[in-house]
Amino acid sequence: LAKTTQPISMDSYEGQEVNITCSHNNIATNDYITWYQQFPSQGPRFIIQGYKTKVTNEVASLFIPADRKSSTLSLPRVSLSDTAVYYCLVGGSGSARQLTFGSGTQLTVLP
Amino acid sequence: SQTIHQWPATLVQPVGSPLSLECTVEGTSNPNLYWYRQAAGRGLQLLFYSVGIGQISSEVPQNLSASRPQDRQFILSSKKLLLSDSGFYLCAWSVTSVLYNEQFFGPGTRLTVL
Chain Y
7 LAKTTQPISM
17 DSYEGQEVNI
27 TCSHNNIATN
37 DYITWYQQFP
47 SQGPRFIIQG
57 YKTKVTNEVA
67 SLFIPADRKS
77 STLSLPRVSL
87 SDTAVYYCLV
97 GGSGSARQLT
107 FGSGTQLTVL
117 P
Chain W
3 SQTIHQWPAT
13 LVQPVGSPLS
23 LECTVEGTSN
33 PNLYWYRQAA
43 GRGLQLLFYS
53 VGIGQISSEV
63 PQNLSASRPQ
73 DRQFILSSKK
83 LLLSDSGFYL
93 CAWSVTSVLY
103 NEQFFGPGTR
113 LTVL
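First to last, the protein sequences are chains Y and W.
To convert, note that position 24 of the first sequence is 30 in our numbering; the numbers rise steadily by one, no gaps.
To convert, note that position 79 of the second sequence is 81 in our numbering; the numbers rise steadily by one, no gaps.
It is worth saying that the hints were derived from the structure and are not from the lab.
These figures come from a predicted structure and were not determined experimentally.
Cβ atoms here follow ideal geometry from the backbone N, Cα and C, with glycine treated the same way.
Wrong hints could be hidden among the right ones.
Simulated crosslink set (SDA-like; lysine to any residue; CA at most 20 angstroms straight-line) [to be verified]: (1) Y:K9 x W:L48; (2) Y:K9 x W:R44; (3) Y:K9 x W:L49; (4) Y:K9 x W:K81; (5) Y:K60 x W:E104; (6) Y:K58 x W:E104; (7) W:K81 x W:P16; (8) Y:K9 x W:P16.
Derived list of chain W stretches under chain Y, where covered just means 3 residues or more per stretch with a C-beta under 8 angstroms from a C-beta of chain Y [unchecked claim]: (9) 24-30; (10) 40-51; (11) 74-88.
One chain only, chain W, in its complex shape:
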């Protein structure tokens, strides 16, 4: 069966510090991968998605970046965090297919920037 992992689960970082969140998927090959952010009481905002190694599409211009160094690894980074980067970060995967497939979400990372 497929599983998706995210770490860390929670993170408190000062403004201006770097960020690295990691997401890995097990049990599937060549998945589509996604990073979302959810502010308190709000819906999910798609940040990045990837259809393959090294292929990253950005949905929202910001100080965040994403990388996919391996097929089932997706990393979200920042060189300098802003207060507005606080939120709940979710990684998700879906199967590459001609059909509109469901997404499977990880447990999330709660980021607080102080």
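This is chain Y alone, in the form it adopts within the complex:
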């Protein structure tokens, strides 16, 4: 199973772009990369998912290099409400099983 490694915490200021990188050296061929956001006392919320290159939605962008051994979640122009824990997950298609979320990255946006 692919294990992920993320920074424990990051600080940023309002209006800045934030990039959170996740390492997944043992990613398998059929694994997708998914990012979730979690606020205190709430369940995680899906942000974005990708397989390779770049994926963008209304919330974030996900950059995946050709070797897929890492990925970077990019949050444009963060606000105070983006303060949360961000989790990177790697999982295979066709499987109901989910990997452990891990400790994630605590992003704190400062005014």
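Given the coordinates of chain Y, assemble chain W onto it according to the supplied hints.
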């Protein structure tokens, strides 16, 4: 639209007492269902998942058990709670598909074992 419910929202139980947490999903059929636990300041730990009625897979050996008596109902139980069972319990569902689909989480149950 799909919704997921969990109850109770909070629970305080003495050590050695039984536990029953319930999760129901509306608006979808044959979902994959999951139970997670999150200790304070930690990530989510997958406890059980189910791909269908009566089909339960356990990820972590412990004094907890899960059951799926109906398609959209998932129950987490314990006969005797331990102090270490305290935490934030989350139920989630996903669509059964060939693709790696996102999971949708419920509001959670905050369990305190004293």
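Here's how the hints hold up against the structure:
Under the criterion of a C-alpha separation no larger than 20 angstroms, the hint pairing K9 of chain Y with L48 of chain W is consistent with the structure, at around 15 angstroms. The hinted pair formed by K9 of chain Y and R44 of chain W meets the criterion: a straight-line CA distance of about 16 angstroms does not exceed 20 angstroms. With a CA separation close to 18 angstroms, the supplied pair K9 of chain Y and L49 of chain W stays within the 20 angstroms bound. Between K9 of chain Y and K81 of chain W the alpha-carbon distance is near 33 angstroms, which puts this suggested pair outside the 20 angstroms criterion.
A threshold of 20 angstroms between alpha carbons decides the hint, and for K60 of chain Y with E104 of chain W the separation of about 18 angstroms falls inside it, so the pair holds. Straight-line distance between C-alpha atoms of K58 of chain Y and E104 of chain W comes to about 17 angstroms, which keeps the hinted pair within the 20 angstroms bound. Of the pairs offered as hints, the one joining K81 of chain W and P16 of chain W holds, with about 12 angstroms between alpha carbons and a cut-off of 20 angstroms not exceeded. With a C-alpha separation of about 36 angstroms, the suggested pairing of K9 of chain Y with P16 of chain W is violated against the 20 angstroms cut-off.
Taking a C-beta to C-beta cut-off of 8 angstroms, the region 24-30 of chain W contributes 0 residues in contact with chain Y, too few for the three needed, and the coverage statement is violated. A count of 6 residues in the region 40-51 of chain W with a Cβ less than 8 angstroms from any Cβ of chain Y is obtained; the coverage claim is therefore met, three being the minimum. With 0 residues carrying a beta carbon less than 8 angstroms from a beta carbon of chain Y, the region 74-88 of chain W misses the three-residue requirement, and the given coverage is violated.
Taken one by one, the earlier hints fail for this structure at numbers 4, 8, 9, 11, listed in ascending order.
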